[in-house]
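Peer 1: Make the full structure from the sequences, and use the hints.
Protein chains in written order, with my numbering: chain D, 1 to 415; chain Z, 1 to 132.
In case anyone wonders, no lab produced these hints; they're calculated from the structure.
Among the hints, a few may not be true.
With a Cα cut of at most 25 Å, we get these calculated SDA-like pairs of lysine to any residue [stated by the list, open to error]:
#1 367(D) with 29(Z)
#2 111(Z) with 312(D)
#3 156(D) with 22(Z)
#4 323(D) with 111(Z)
Covered, in the sense of this in silico footprint (three residues per stretch, anywhere, with C-beta under 8 Å from a C-beta of chain Z), are these stretches of chain D [said to hold, decoys possible]:
#5 146–159
#6 177–183
#7 193–202
#8 247–254
#9 316–324
#10 338–345
Keep in mind it's a predicted model, so treat the numbers as computed, not measured.
We put the beta carbon where it would ideally sit given N, CA and C, even for glycine.
Spelled out from the first residue to the last, the chains are:
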Amino acid sequence: MEKNYYVCTGCGLLCDDIEVESEKNIVNKVYTACRVGVAHMKEARRNEANFLVDNKPVDEATAIKEAASILKNAKNPLIFGLGTSINETQKAAIELAKKINATLDDTSSFCLGPLAEALIQDKLKTCTLDDVRNKADVIIYWGTDPSDSHPRQLSKYSYFPRGTEKQRGWEEERTAIAIDVRKSHTAKICGNYFFQIPPKGDAEFIDALIAGLSGKLPKTSYNYPPKKLLELANILKGAKFGVIFVGRGLIYSLENLEPLFKLMKILNEKANFHLIPMVGNCNTMGFNENLFAETGYVNSVKFENGTVKHGPEYSIVESLKAKSVDAALIIGSDPLLILPRSIAKNMLEIPVISMDHCETLTSKHSKVYINTAISGVEAGGSAIRMDGVKVSFEPAIETNHPSEEVILKKIMEAL
Amino acid sequence: MDFGSFLAAPEIKVKIITYRDIFQDKAMLENRFGEEYRDLSAVVKLDPADLKQLDVKKGETVILKNSFGRVVVKAEESGYETPHRGIAYMPKSPWSNMLISDETGGTGVPKFKDISVTVTSAKGEKVTELML
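Peer 2: Shown next, in the form of structure tokens:
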């Protein structure tokens, strides 16, 4: 019997081997997905009402009219989120941002944005997760704990699977290395190849590793044992197909990406290394690519009468901090939950329109709330996986909830 | 009244590093306003020696405080083999976000994994509810 496989949009891995049992458009059972994926695919309800204005149920026309009115009256509206939206929605949001001279940003401005930008600009050597499964012999998890953040990453792609050129798998043919400030679940799997460094110690560790790779004595101010660093350098030198999975732990610790560029350069002189960012949301990479194609920037932009400005001052964090935005359209994100309260609190002073499939801290504070379909579960489309591969998907169940894309287009028309 | 109640509770300074937790992420997807999400989020993991200095047993509540906010969360032992006095760990959540500085140096990136707080016993005070 032929089976239908669905795509899990629960994280940046976009696992495409998910089986779902549903009845009357309710997902009852989910097979193959991880704990987070099962919760995501079953993530159903939520508010009964599709449209709220001032927390009172209204019809669609009223909600759209109110949303359009907020955006029309704003001098500098912010559009934020879109990390879980399909490519088509992201493109519609970019069009809307242009039309209303909005500031447009997503979570990558305070996550892995610089890395996504470098990869899109071909400044770092990368590969696909399928390449990792089939070929990788040395795998580094740096400042990331996929066992918690991307639970199937190790079993489906990076460490445990048999690949075409790695038939003997992790027992004999793969070495997994964790570099982190704490012994995460992933670090435990890496056993003796866990390299614990102090907070903010990454740049120095990279310098010392580069010294080790160059045959010099690796030194750090925190006295990391040179012998262990040399042991690591030797493993890396012997890699036929190496990959570094980079998480926020590393990015937050570095002032800029220079140390990483230097490390990748020397690793590719001595061996063969690739880098993949551990992107959290299912389509943050898509947002970065779509915005880059349109503007040459991956996030933090401000449209102004046909021109585009870019810089950290147009990120959600700096915009809210400086109170430079006077309304916000939040799509599939919960800034009041994910941002520091000291910054997010400024969002309470401006009118907010939120689109999400469940009640959130942000939706509770929204002037307008639109209960939209869940991308991948209830709405089809395409997204870009963390390694840049485009994945298309059909919805697992049908819904009466409108898609984000349809709502954005209706708001555009109402403007 | 017990004389001890007039004495200042021991106070220590720690740096908090935030991290992701699969069980907490799952609980958030199911209900971000629910008990399970709160129980798995409003937690700080400390070195056992720090807990001892605070005179706090694991499972009891502590106050985490700095100039940006104050939250009451449950204290747990980290379970890490390597001692890490002065460094504590929290799953990233609205509770840890209460303590993050608004100072970003204009970069757009808050210091999610570099939070300085003082810790004291909450003397039975309940865990802070998710604020709106």
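Peer 1: Hint by hint, say whether it matches the structure.
Peer 2: Evaluation of the provided hints:
1. 367(D) with 29(Z): Given that 25 Å is the threshold and the Cα spacing comes to 23 Å, the pair holds.
2. 111(Z) with 312(D): 15 Å, holds
3. 156(D) with 22(Z): 17 Å, holds
4. 323(D) with 111(Z): Judged against 25 Å, a Cα distance of about 20 Å means the pair holds.
5. 146–159: holds (count 4)
6. 177–183: holds (count 3)
7. 193–202: That given contact holds, which follows from 3 residues of the stretch 193–202 of chain D lying within Cβ reach (below 8 Å) of chain Z.
8. 247–254: holds (count 4)
9. 316–324: With 4 residues close enough to chain Z, the hint holds.
10. 338–345: holds (count 7)
The structure fails none of the hints (numbered hints given earlier).
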